[in-house]
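Chemist: One letter stands for each residue in the lines below.
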Amino acid sequence: MQRLTPFLWLLFSAGGTVAAFLYPVHVALLGLAIPLGLLSPAGFDAERALLGHPIARLYLFAFVSLPLFHWAHRFRYTLYDGLQVKHLTPLIVVLCYGSALAGTVACAWMLWSFPR
Amino acid sequence: MSQTAYHPRWHRKPMSVWWWLEKPAYARFVLREISSVFVALFAGLTLLHVQALREGPDGHARFVEWLRRPGVLALDAVILAFVLLHAFTWFHLAARAVALRFMGRRVPDGAIVAGNYAAFLVASAVVAFFLTRG
Amino acid sequence: MPESVTLVVTRYRPEQEGEPTTQSYEVPFRKEWVVLDALNHVKDRLDGSLSYRWSCRMGVCGSCGMMVNGEPKLTCGAFLSEFLPGPIRVEPLRSFPVIRDLVVDIGDFLKKLRSVRPWLVREREKPLEEGEFRQTPEQLDAFKPFSMCINCLLCYSACPIYGLEPSFVGPAAIALAQRYNMDSRDQGAAVRHDVLSGKGGIWECTFVGECSEVCPKHVDPARAIQQYKLTGVLRSLLSLGGGR
Numbered sequence: 001m002q003r004l005t006p007f008l009w010l011l012f013s014a015g016g017t018v019a020a021f022l023y024p025v026h027v028a029l030l031g032l033a034i035p036l037g038l039l040s041p042a043g044f045d046a047e048r049a050l051l052g053h054p055i056a057r058l059y060l061f062a063f064v065s066l067p068l069f070h071w072a073h074r075f076r077y078t079l080y081d082g083l084q085v086k087h088l089t090p091l092i093v094v095l096c097y098g099s100a101l102a103g104t105v106a107c108a109w110m111l112w113s114f115p116r
Numbered sequence: 001m002s003q004t005a006y007h008p009r010w011h012r013k014p015m016s017v018w019w020w021l022e023k024p025a026y027a028r029f030v031l032r033e034i035s036s037v038f039v040a041l042f043a044g045l046t047l048l049h050v051q052a053l054r055e056g057p058d059g060h061a062r063f064v065e066w067l068r069r070p071g072v073l074a075l076d077a078v079i080l081a082f083v084l085l086h087a088f089t090w091f092h093l094a095a096r097a098v099a100l101r102f103m104g105r106r107v108p109d110g111a112i113v114a115g116n117y118a119a120f121l122v123a124s125a126v127v128a129f130f131l132t133r134g
Numbered sequence: 001m002p003e004s005v006t007l008v009v010t011r012y013r014p015e016q017e018g019e020p021t022t023q024s025y026e027v028p029f030r031k032e033w034v035v036l037d038a039l040n041h042v043k044d045r046l047d048g049s050l051s052y053r054w055s056c057r058m059g060v061c062g063s064c065g066m067m068v069n070g071e072p073k074l075t076c077g078a079f080l081s082e083f084l085p086g087p088i089r090v091e092p093l094r095s096f097p098v099i100r101d102l103v104v105d106i107g108d109f110l111k112k113l114r115s116v117r118p119w120l121v122r123e124r125e126k127p128l129e130e131g132e133f134r135q136t137p138e139q140l141d142a143f144k145p146f147s148m149c150i151n152c153l154l155c156y157s158a159c160p161i162y163g164l165e166p167s168f169v170g171p172a173a174i175a176l177a178q179r180y181n182m183d184s185r186d187q188g189a190a191v192r193h194d195v196l197s198g199k200g201g202i203w204e205c206t207f208v209g210e211c212s213e214v215c216p217k218h219v220d221p222a223r224a225i226q227q228y229k230l231t232g233v234l235r236s237l238l239s240l241g242g243g244r
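Residue numbers (my numbering), protein chains in the order written: chain A, 1 to 116; chain B, 1 to 134; chain C, 1 to 244.
To be clear, the hints were calculated from the coordinates, so they are not data collected in a lab. A couple of the hints might just be wrong.
Said to hold, decoys possible - Result set (DSS-like, lysine-lysine): computed pairs, CA atoms no more than 25 Å apart in a straight line:
#, chain 1, residue 1, chain 2, residue 2
1, C, K111, B, K13
2, C, K111, B, K23
3, A, K86, C, K217
4, C, K144, C, K217
5, C, K43, C, K111
Claimed, not checked - To give a feel for the contact side, a few chain B residues facing chain C, derived at Cβ under 7 Å:
#, residue
6, R9
7, H11
8, W18
9, A25
10, R28
11, R96
12, A97
13, A99
14, L100
15, F102
We put the beta carbon where it would ideally sit given N, CA and C, even for glycine.
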């Protein structure tokens with residue numbers, strides 16, 4: 001586990017960077033501005049067409065997967081420092097990185113099998 | 001805590017579970033770390049969005065309606081607050097992690113932070129273009 | 001300006017009590033006095049039994065670190081006027097075992113400092129005939145802030161991870177390791193890597209950042225740690241491929 005830590009940190013960093021630069025605008029638009037009617041969406045047809053492009057799928061994959069691993073790594077240490085449950089490390093590792101992996105696999109499958 | 005040889009008369013105070021409430025700086029740190037939960041939540045929301053698009057126009061319309069519910073809007077507002085907290089703290093933290101040199105001089109932190117904010121604005125503009133008009 | 005101010009000082013006399021207690025002392029207030037002056041007044045005039053460490057009284061020896069109103073400070077640089085109207089709480093440096101009153105044991109830190117080899121490591125010693133080492137201002141710049149550490153341990157008291165994780169080598173030790181890693185004369189980065197990247201090393205750090213906030217010499221150990229995370233990963237990646 002100790003030898004994996006540097007690479008998990010790299011994933012954490014990549015995910016944190018993706019989330020920092022890209023999440024605010026996605027949340028602001030898709031979560032608030034568009035549902036509130038302040039801006040008009042691209043619309044179903046346009047969004048579907050966009051997801052037809054492999055680049056858009058790659059973008060979405062990185063957009064979902066990397067921040068999930070960012071959360072997994074950060075949350076694991078928050079549990080250690082906050083709840084002092086370091087003795088539960090195996091369980092925490094499985095729950096955190098396992099969830100991130102599950103989300104990643106689900107995302108990969110959804111995008112791979114996305115209708116053209 | 002210390003790992004020195006045990007001496008029975010030395011006093012060692014264990015660390016409280018509430019250590020992070022003892023100083024504003026610690027509480028701010030924990031808030032920053034908690035922001036990752038909301039990042040993960042939005043990743044999940046994005047998956048729901050993709051799934052809705054896979055289901056066709058009806059599925060998508062249902063999802064769009066669901067996004068308009070007051071509870072969901074409130075959640076998204078909270079997510080936005082935490083995601084902004086994550087972004088802004090990240091821009092400042094990242095500047096301390098890199099030792100950049102340009103033309104023989106060390107690039108000052110302020111320049112890296114400013115560069116991060118600039119890149120953030122550009123990226124947001126590009127994304128906004130695709131999400132609102134496509 | 002008041003005439004006097006109250007200090008509430010932690011006492012711990014293991015020969016007569018099992019737990020620390022506090023004792024209040026009223027000391028004269030002088031606008032140029034620091035907490036150390038107040039403690040010296042207590043020791044000289046009020047209670048000779050109070051034990052604490054101090055030396056240079058000018059912020060370069062690192063001996064007089066204590067918690068003042070919950071913040072780790074060098075008591076020789078903490079002016080009484082900052083803490084008016086008082087009372088001013090003076091406690092031993094947090095996260096270290098207390099030997100007596102305000103005196104803590106720092107053996108753990110010294111052991112960990114040694115483990116990062118805080119000296120120039122050379123593959124081969126440069127003989128005198130080859131001349132001196134030369135460094136440009138830029139090369140000096142790369143490590144100079146990290147060399148300003150006076151081992152006062154305020155950063156260890158500020159770091160919650162040091163309090164939570166017994167194996168963590170801590171901010172000053174890592175900053176000093178980096179002081180040598182970044183020194184152009186040093187060739188010991190590989191030798192330090194196992195300690196820095198192993199259990200108790202940089203990966204325990206979650207960048208709370210308080211270590212740099214409390215450092216009286218502007219060492220910025222948090223920066224040293226984060227910088228090594230990046231180089232440490234690259235080094236780990238390279239060692240995967242068999243290189244060292």
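Chemist: For each hint, tell me whether it holds in the structure or not.
Modeler: Now for the hints, and whether the structure bears them out:
Taken as a hint, the C:K111 and B:K13 pair is honoured in the structure, with Cα atoms around 21 Å apart against an allowance of 25 Å. A distance of roughly 29 Å separates the Cα atoms of C:K111 and B:K23; the hinted pair therefore is violated under the 25 Å criterion. Note on A:K86 and C:K217: the hinted pairing is violated, with a Cα-Cα distance of about 33 Å set against a maximum of 25 Å. About 11 Å separates the Cα atoms of C:K144 and C:K217, which keeps this hinted pair within 25 Å; it holds.
Between C:K43 and C:K111 the alpha-carbon distance is near 31 Å, which puts this suggested pair outside the 25 Å criterion. Of the supplied interface hints, the one on B:R9 holds, with its beta-carbon coming within about 4 Å of a beta-carbon of chain C, less than 7 Å. Evaluation of the B:H11 hint against chain C yields a held restraint, the C-beta minimum of about 4 Å falling below 7 Å. A distance limit of 7 Å between C-beta atoms decides the matter here; for B:W18 the minimum to chain C is near 11 Å, and the interface restraint is violated.
Interface restraint check: B:A25 against chain C, minimum CB-CB distance 6 Å, threshold 7 Å, status holds. Among the interface hints, the one on B:R28 is violated; its C-beta lies about 9 Å from the nearest C-beta in chain C, farther than the 7 Å criterion. Checking B:R96 against chain C by beta carbon gives a least distance of about 5 Å; that is within 7 Å, so the hint holds. Because the beta carbon of B:A97 sits about 4 Å from the nearest beta carbon in chain C, less than 7 Å, this interface hint is met.
At about 6 Å, the closest approach between the beta carbon of B:A99 and any beta carbon in chain C falls short of 7 Å, and the interface hint on this residue holds. Contact between B:L100 and chain C, as hinted, is not supported at the beta carbon level, the nearest pair being about 11 Å apart and thus beyond 7 Å. About 12 Å separates the beta-carbon of B:F102 from the nearest beta-carbon of chain C, more than 7 Å, and the hint is not met.
The earlier numbered hints that this structure contradicts are 2, 3, 5, 8, 10, 14 and 15.
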